[in-house]
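Number of protein chains: 2
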Amino acid sequence: MTSPTPPRLLHVLSNKTADRPPIWFMRQAGRFLPEYRALRATAPDFIAFCLNPQMAAEATLQPMHRFALDAAIVFADILLIPKALGQAVWFEAGEGPRLGELPSNEVLADRIEASTGLLAPVGETLARVRQALEPERALIGFAGGPWTVATYMIESGSSDRSISRSLAYREPDRVDGLLDVLVEATARYLAMQARAGAQVLKLFESWAEGLSEPLFERLVIQPHAKIIRRLRELGVTAPVIGFPRGAGILAQDYAGRVDSQAVALDVQATAAMGRAIQAKKPIQGALDPLLLRAGGPELDRRVEQLLEQWGSGPYIFNLGHGILPDTPIEHVARTVARVTSWTS
Amino acid sequence: MTSPTPPRLLHVLSNKTADRPPIWFMRQAGRFLPEYRALRATAPDFIAFCLNPQMAAEATLQPMHRFALDAAIVFADILLIPKALGQAVWFEAGEGPRLGELPSNEVLADRIEASTGLLAPVGETLARVRQALEPERALIGFAGGPWTVATYMIESGSSDRSISRSLAYREPDRVDGLLDVLVEATARYLAMQARAGAQVLKLFESWAEGLSEPLFERLVIQPHAKIIRRLRELGVTAPVIGFPRGAGILAQDYAGRVDSQAVALDVQATAAMGRAIQAKKPIQGALDPLLLRAGGPELDRRVEQLLEQWGSGPYIFNLGHGILPDTPIEHVARTVARVTSWTS
Chain W
137 MTSPTPPRLL
147 HVLSNKTADR
157 PPIWFMRQAG
167 RFLPEYRALR
177 ATAPDFIAFC
187 LNPQMAAEAT
197 LQPMHRFALD
207 AAIVFADILL
217 IPKALGQAVW
227 FEAGEGPRLG
237 ELPSNEVLAD
247 RIEASTGLLA
257 PVGETLARVR
267 QALEPERALI
277 GFAGGPWTVA
287 TYMIESGSSD
297 RSISRSLAYR
307 EPDRVDGLLD
317 VLVEATARYL
327 AMQARAGAQV
337 LKLFESWAEG
347 LSEPLFERLV
357 IQPHAKIIRR
367 LRELGVTAPV
377 IGFPRGAGIL
387 AQDYAGRVDS
397 QAVALDVQAT
407 AAMGRAIQAK
417 KPIQGALDPL
427 LLRAGGPELD
437 RRVEQLLEQW
447 GSGPYIFNLG
457 HGILPDTPIE
467 HVARTVARVT
477 SWTS
Chain U
137 MTSPTPPRLL
147 HVLSNKTADR
157 PPIWFMRQAG
167 RFLPEYRALR
177 ATAPDFIAFC
187 LNPQMAAEAT
197 LQPMHRFALD
207 AAIVFADILL
217 IPKALGQAVW
227 FEAGEGPRLG
237 ELPSNEVLAD
247 RIEASTGLLA
257 PVGETLARVR
267 QALEPERALI
277 GFAGGPWTVA
287 TYMIESGSSD
297 RSISRSLAYR
307 EPDRVDGLLD
317 VLVEATARYL
327 AMQARAGAQV
337 LKLFESWAEG
347 LSEPLFERLV
357 IQPHAKIIRR
367 LRELGVTAPV
377 IGFPRGAGIL
387 AQDYAGRVDS
397 QAVALDVQAT
407 AAMGRAIQAK
417 KPIQGALDPL
427 LLRAGGPELD
437 RRVEQLLEQW
447 GSGPYIFNLG
457 HGILPDTPIE
467 HVARTVARVT
477 SWTS
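Each protein sequence line maps, in turn, to chains W and U.
Residue numbering for the first sequence is 137 to 480, as defined by the working numbering.
Residue numbering for the second sequence is 137 to 480, as defined by the working numbering.
Honestly, I wouldn't trust all of these hints.
Claimed, not checked - Calculated from the model, a selection of chain W residues having no Cβ within reach of chain U, i.e. all distances over 12 Å:
| no. | residue |
| --- | --- |
| 1 | F182 |
| 2 | A229 |
| 3 | G230 |
| 4 | A256 |
| 5 | S292 |
| 6 | G333 |
| 7 | K362 |
| 8 | A415 |
| 9 | E466 |
Claimed, not checked - Some but not every residue of chain U turned toward chain W, in silico, with C-beta under 7 Å:
| no. | residue |
| --- | --- |
| 10 | S302 |
| 11 | R306 |
| 12 | S348 |
| 13 | E349 |
| 14 | G384 |
| 15 | V403 |
| 16 | Q404 |
| 17 | M409 |
| 18 | L427 |
| 19 | E434 |
Hints are computed from structural coordinates only; laboratory data are not their basis.
In this text, all values refer to a predicted model and were calculated from it rather than measured experimentally.
Note that CB positions come from ideal geometry on N, CA and C, so glycine has one too.
Using the sequences and the accompanying hints, generate a full structural model.
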């Protein structure tokens, strides 16, 4: 009798190189799959869909049935936290999210404890998925980075976050206070996810772009470092993947200063920067979602290049940003087939 | 009798450290100045305004009258090239530019020679400004980077350039052909500006963000390297400042591989990256325009920090992106006063 194979993703997240890079895709559960669109059509409200464990578990598992992926990521949304903290959140068809009036930091702080309870359905989704998933496939829980979530809370769907960045300059205490609330709510939420079955936790800082070095330190590095410290205080040992999307060269500072177990890189990441980070910890990324959608020989060449430049170190194959809704399924299948057959 | 002081900006662009960093601001001639808004109101069409040497020279000189800046930059627009190449370009109030149907590469190539002639008014603007400007203040000519101009030509005002990036993947020959046309038209246009009085040339690659390493090589590094080679073939010796805005860590590759005399850095640039580039060539940047607008002690601290981290090497004080229209004039005046009184 052999012992069960540990998930390849966890092996790499312990800073070892696997037989080949594990592979999963950001937004692999989502609109590019017809079965997702069919499921989603049965629930008019997006937040209710996320908080329905039966539906969310099904959405989480859909890509696992189709593709030989090494990890599932729980179907949820980074705006569940502001919703649970009492700010109105709604989605209008074809548009970005909309958020209601931002409560004061004091009001939000009073709601932190209750928020984790309101997010219990995400834990139930994770428990269901963990039960259905083969043991060699890892299960990932996630939350938005506090800064990214704060930008939604401050300015809803504004395009480049300049309103939030300006507020960080003009009212530093107010923004830092909001981030402190989000740090605590996020740490508790992630801890709940880990207890419910998430073996890996990911922090999506989708709006790390356009920040100066001092702002990045204040708005991204410090809050992420605090969340991870708080998780360890809460007894959570699951590895954390930090994703400071758009951080540019600041991703290197992030890798050195935030105690995450891996760093996810966006499409801009150079081969050299990835290798420099790999000397310290595993990396993930950084295929361009536009190229996965475009397909053709350019895609094949780039997949090969990513495997060659990073595959002999601790590396998780993934995109540099979420999969696009109109990505042909065969491009995803072809990429999975190539990565899973690769040997260094 | 003493010989005239050479412009401080040219001194730094010869890779020497000046008594203090020269200072100018991207978009210093523009909407944050009431005298600009008054002048602009007299000409309904923006392109006609740019191609009116009397008006454009006045706009160029307006900030020079107000502030102790070390350089003037010719008032013009990066979309004058597509206009001169025969593509329709128009501006709608309160919105971005709009462009008409994209001609074929062959049609565009046939118009390169004529385009430089159509842009002769920009040369006349430069000649007028050079005559009015004190000899110790430098005059800068500029053009858009070919990739940035191509994105406007391909998709008008679309927000994140994903249409153009997708086209670069799907139809590489077509996009590379368009860039070749723009390289030649841009080199000739810049050569004309240098002959008319521009002592420094700047290449604004405003949309260098979001490009993978192979795309950046193809769409930014190669075209910029070609333009500079072509300028030297055309006998132009003026120093070139390259500005790959949003390039992240790829700005380092740019500094090493493109033979520009200086690299302008955006707001994300770290102290360490700037110093690494300064070991090779001068740098410019990288104050956050949102912070210049916000003002207050955060602005003062950041100005001090930039001067300290880079000021003892070849450094041109500037923003990391254009000045915002609602920037208070006193914040600009205060920053100029601080930089011009600084000693390392």
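Now the hints, each set against the structure:
no. : hint : in the structure
1   : F182 : 23 Å, holds
2   : A229 : 19 Å, holds
3   : G230 : 15 Å, holds
4   : A256 : 36 Å, holds
5   : S292 : 16 Å, holds
6   : G333 : 35 Å, holds
7   : K362 : 22 Å, holds
8   : A415 : 16 Å, holds
9   : E466 : 16 Å, holds
10  : S302 : 5 Å, holds
11  : R306 : 5 Å, holds
12  : S348 : 5 Å, holds
13  : E349 : 5 Å, holds
14  : G384 : 3 Å, holds
15  : V403 : 5 Å, holds
16  : Q404 : 5 Å, holds
17  : M409 : 5 Å, holds
18  : L427 : 5 Å, holds
19  : E434 : 5 Å, holds
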